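Since the structure of chain A is already known, use the hints to place chains B, C and D with the ligands on it.
Protein chains in written order, with my numbering: chain A, 1 to 333; chain B, 1 to 333; chain C, 1 to 322; chain D, 1 to 322.
Just so you know, the hints here were simulated from the structure itself, not pulled from any lab data.
This structure is a prediction, so every number in the text was calculated from the model and none was measured.
Virtual Cβ for every residue (Gly too), placed ideally from N, Cα, C.
Hints are all accurate, no fakes.
Here are some chain B residues the structure puts well away from chain D; computed CB gaps all over 10 Å:
no.	residue
1	Arg-56
2	Ser-285
3	Val-330
Residues from chain B shown here face chain D by an in silico Cβ test under 10 Å; the list is partial:
no.	residue
4	Phe-38
5	Glu-64
6	Leu-311
7	Met-315
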Amino acid sequence: MNNETKLMTVRDAIITAMSEEMRLDENVFLIGEDVGIFGGDFGTSVGMLEEFGKERVRDTPISENAISGAAIGAAMTGMRPIVDVTFMDFIVYMMDNIVNQAAKTRYMFGGKGQVPVVFRCAAGSGVGSAAQHSQSLESWFCHIPGLKVVAPGTPADVKGLLKAAVRDNNPVIFLEYKAQYNVKGEVPTDPNFVLPLGKAEIKKEGKDVTVVTYGRMLERVLQAAQEVEESDGVSVEVVDLRTLIPLDKEAILDSVKKTGRVLLVNDAHKTNGFIGEISAIISESDAFDYLDAPILRLAAEDVPIPYNHALENAMIPNVDRIKKNILNLVNKR
Amino acid sequence: MNNETKLMTVRDAIITAMSEEMRLDENVFLIGEDVGIFGGDFGTSVGMLEEFGKERVRDTPISENAISGAAIGAAMTGMRPIVDVTFMDFIVYMMDNIVNQAAKTRYMFGGKGQVPVVFRCAAGSGVGSAAQHSQSLESWFCHIPGLKVVAPGTPADVKGLLKAAVRDNNPVIFLEYKAQYNVKGEVPTDPNFVLPLGKAEIKKEGKDVTVVTYGRMLERVLQAAQEVEESDGVSVEVVDLRTLIPLDKEAILDSVKKTGRVLLVNDAHKTNGFIGEISAIISESDAFDYLDAPILRLAAEDVPIPYNHALENAMIPNVDRIKKNILNLVNKR
Amino acid sequence: MAEIAKDKLLHMYKLMLDIRNFDNKVNQMVKKGKVPGMTHFSVGEEAANVGAIAAISHGDLITSNHRGHGQSIAMEIDLNGMMAEIMGKANGTCKGKGGSMHIADLDNGNLGANGIVGGGMGMAIGAALTQKMKNTGKIVVCCFGDGACNEGTFHECVNLASIWKLPVIFYSINNKYGISTPISSVINIEYNYLRAASYGIPGYLIEDGNDLLAVYEKFQETVKYVREGNGPVLLETLTYRWFGHSSSDPGKYRTKEEVDEWKKKDPIVRIKAYMIEKGIATEAELDELDATSKATVEESVKFAQSSPEPTFESAFEDIFAD
Amino acid sequence: MAEIAKDKLLHMYKLMLDIRNFDNKVNQMVKKGKVPGMTHFSVGEEAANVGAIAAISHGDLITSNHRGHGQSIAMEIDLNGMMAEIMGKANGTCKGKGGSMHIADLDNGNLGANGIVGGGMGMAIGAALTQKMKNTGKIVVCCFGDGACNEGTFHECVNLASIWKLPVIFYSINNKYGISTPISSVINIEYNYLRAASYGIPGYLIEDGNDLLAVYEKFQETVKYVREGNGPVLLETLTYRWFGHSSSDPGKYRTKEEVDEWKKKDPIVRIKAYMIEKGIATEAELDELDATSKATVEESVKFAQSSPEPTFESAFEDIFAD
Ligand SMILES: Cc1ncc(C[n+]2csc(CCOP(=O)(O)OP(=O)(O)O)c2C)c(N)n1
Ligand SMILES: Cc1ncc(C[n+]2csc(CCOP(=O)(O)OP(=O)(O)O)c2C)c(N)n1
Ligand SMILES: [Mg+2]
Ligand SMILES: [Mg+2]
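Just chain A, same shape as in the assembly (with noise of 0.2 Å):
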């Protein structure tokens, strides 16, 4: 494995991770709406039909749930089907096929089969779309055994981990973000460049307190523990889970047991949301014992989203929502 990189946007990596995976395995094949000559409705398929051609870029027709069944049918059968859902709200009409086929399938059959596919979910607001376009679903299927889940928060963690989630052998749910397709980064460029799923990640190490984050709001949890270590000398360790299900207890037991405080941020609806989950887990957990504040949560409100620019982004915590947490939460006690 060499160790080049190159920069490029989130929509890139993702292009060239499906692109690689195709490439490596004839199995691999991607089907959605507008995944060909428009190139996927955020740009996340341009050139690949042009280089698989219609068999293996697989325009459907506005069908969602022949689509989830389609593919979960060819996976069955050994086939490594990619779905591009595009929008996640729009994985309502999949539900089905996801929860009752898909995840139980091999376990109702008593270990027998499996269902290698992978639903590329454009999750999260921020692109003026409203209530209907604007959801991170991904606590459903966290709720769902058989499942894995999978949202990276970086071009690089997108490319290795959505690579991992084609080669792996069960259906995963994989979370991009519409409002982060054009941020750029420094990606991997070896074909071998593969994450595994199930790994969090300490994506700056710090003292006084751990945030747990993933996906969307990796970016800004950065940036905030970057500022209030500069401005207020607070030590801030960021874990980015980067998989959900799987998910890496130990990373955030060990970190929380380190800090002793922590604050949670997720860009998904508060209720109910996974860092609900990860603070029950921290609070059931011999870490409990180390906590010397309250577990604080940081995740959308609980509004359907708003179209206007500014509420909009008023309902997903920001840079400065979150180092007033993070202050907050080094003054406690």
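Just chains B, C and D with the ligands now, kept in the frame of chain A:
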């Protein structure tokens, strides 16, 4: 209001509640598969066709999307439908209508319109129907702003809260438990007996440990509480949430402050189940400072519910495990 | 061709102009960065919208889809509120919370645009069920695109409406594409209206959906049939959107020739020519209407621009009804 | 009537007997409380199942629904494993984790029963897509009931299969009811097979679904057509379930007369009479087959009863593939 009660099953409490509301308000009607001559998959509308006729006890095709859509459209235009979802697992086909439409319509329209509809769901395991017929999916809906979620645990609460749900002007997800339709209890007979949504009830007072629960698990929690009290002299307070959204946070936090020890119990899968949210709420509140022990959770295991009856039962919290957890909590620190 | 009162026709023409002028204006605002998110335009589809809606009566209802501007305007929504909404303002139709994809006018029978393809179909049959149960004599028009006909909800809703004989017109505005996907590549038959046979209901094609009078006439006939209690009908109209799918579509999948060909069939130019030829109005009169329409649209922009931004607190209101 | 080799016919007869005897036995076990949950029986529908499956080849695939016993047996599943599964035992087909509604036999082309009405349709087209992409020459039979035809997934999946010309037979076993609901009350046309026209594919009705040879013949023809790459076909067979919908159905919605009428059309009695009449086999030979079948079923009960219960630990296995 009179104070008479009558011993009846959960099933009869449901039939009574719906029938009373249908007598009081001609806009209320029941819609779903086999609600008519069949009397509902779980017998929860036996006799209603005879009293109310085919127009108001509406048998449908096997078309969950159309059923939920029709209910919502009717609700938006002046009716008050009750949907018999039957097995909660089938709600996967109603997700768009519930989550993207019913929950968000009023908000997206700037406060215009309302969607008074109740989705009655037979949740949980216990009848040997395996993974696709055994889920308690309340946490999905708790995560979506704009929905109310109700999960009563006694026949009287079922009646009082179902009536409240029907009278509420918002979409309500109403959980019933397929394993408990035959459970009996005293139920007020007065047609004016309506319980408020959003009020927990302390089903048993105590001072050593708080157990927070709802729905199906209430019965087991109460029995366990009784038994540990008798066997070990531990005084257990049982907080029955009854309504998950809106949530009676005060009742939970007050009890936690009183006892300093808390066990959370539900029959949904553990990861991202609703009790995780309760744990997070406690940990971020001022009640955190009163905690003398980790916050424990007891939930369904994170596995698809197996068919074998013994295994099926073993996946769900039982009286013994609840007792063990209570005792564990008391012995901490 | 049934006679249409001059006033009615001129009013329909005005509504078509309003759609055209309004959406052209919004398009300008989008390019200036004054409109957040995605906006889907009805330019080119004015006859398909106005011809249909003009045939229903006060108290009748519609559901619409993401491309709902045309239908909202045909339902005579207040343009000021609509423009303010699209600009996300507090005085907008939805207080700035809904935006282009959620314009609704519940008091006037418009149950709303919808961001989910097929999302309005359930509502439509439910609204029709209410009319039937309450015996109001009102009907519902369920508007959607060609691409929506492959959603499962289409099948379920048309079927349910068919067995319950609900007073609803399923109205598919076929503009040949769902985003980049030609309808011809995603159905194995020529037209979706043929699927009416699967539900034992009448299905019709309005071949020239840019002919206002053809659309109107077929709708009048259909409205009468549905209002008389005969159950639902599936209508399909052929037309074309001039712009990209949404405000951000490069449009590589259509040729310039195709677009130009359709622009020659401009529904506004055609009805204008008809009216002049038939002596219903002079060119000057009609141009005057256009000027007024443009002024109204400019007015709406002013209204929108002077409308306040919604307050932070307002984001937390309107979630639940009391 | 095409000639069928004697062996083949006798084997088909045996499979029909196995279905009948197996389900009768399970019914007994249910009544004794030895079977958890719900069980849906195929008694009365033996010809519809065996006639169809007998026409496909080794390597072809099926998806099935809640009423999957008949199809599983027609696909020649091991009865011991199946009975053990229905009794929830560790040696069951699914190690006791799936039960009656999830019997599957992946190694032999049976992609499984399904507890969700319509739940197998997506899988079926996906499996067909694999065959097409890998050019295997294999086909898929997607089995479902009459009631399932109103699920949106039916519409989406048949449509997708039609435009991609996938090698799949959509096979609707019409037993006149979905639980208590007569199919005639939930579609506004006479038969669901007519909906094939909506997808530009052939649709056929097998009017006498209790006539083994009629089912087999139509299937042979259809299998050939589909295998040749002509795309999907929608087939519908009329038959009847003798028992209630599931093990817990009182059956108030059907008259005794109707049930009796259909029992007279017993598919097993009819093919037996045919074979005797045609001199294909003697009554004694056929009765002998029945005796053997019954013995095999008894054997399966013994196997099941002596199979261990699954261990507690096993509940935590098989969730994820490596
Ligand atoms: C359930 C769902 N799937 C996909 C989309 C994305 N989408 C928005 S509009 C559209 C095309 C709709 O095509 P059509 O129905 O023909 O309407 P048109 O835009 O052509 O007017 C698609 C795929 C969506 N909004 N909802
Ligand atoms: C999505 C879903 N809705 C409802 C049910 C409940 N249910 C199980 S079988 C059945 C009837 C199915 O009828 P049909 O398709 O005709 O099959 P049959 O039982 O008659 O063989 C219903 C409604 C279900 N299992 N899944
Ligand atoms: Mg279109
Ligand atoms: Mg049936």
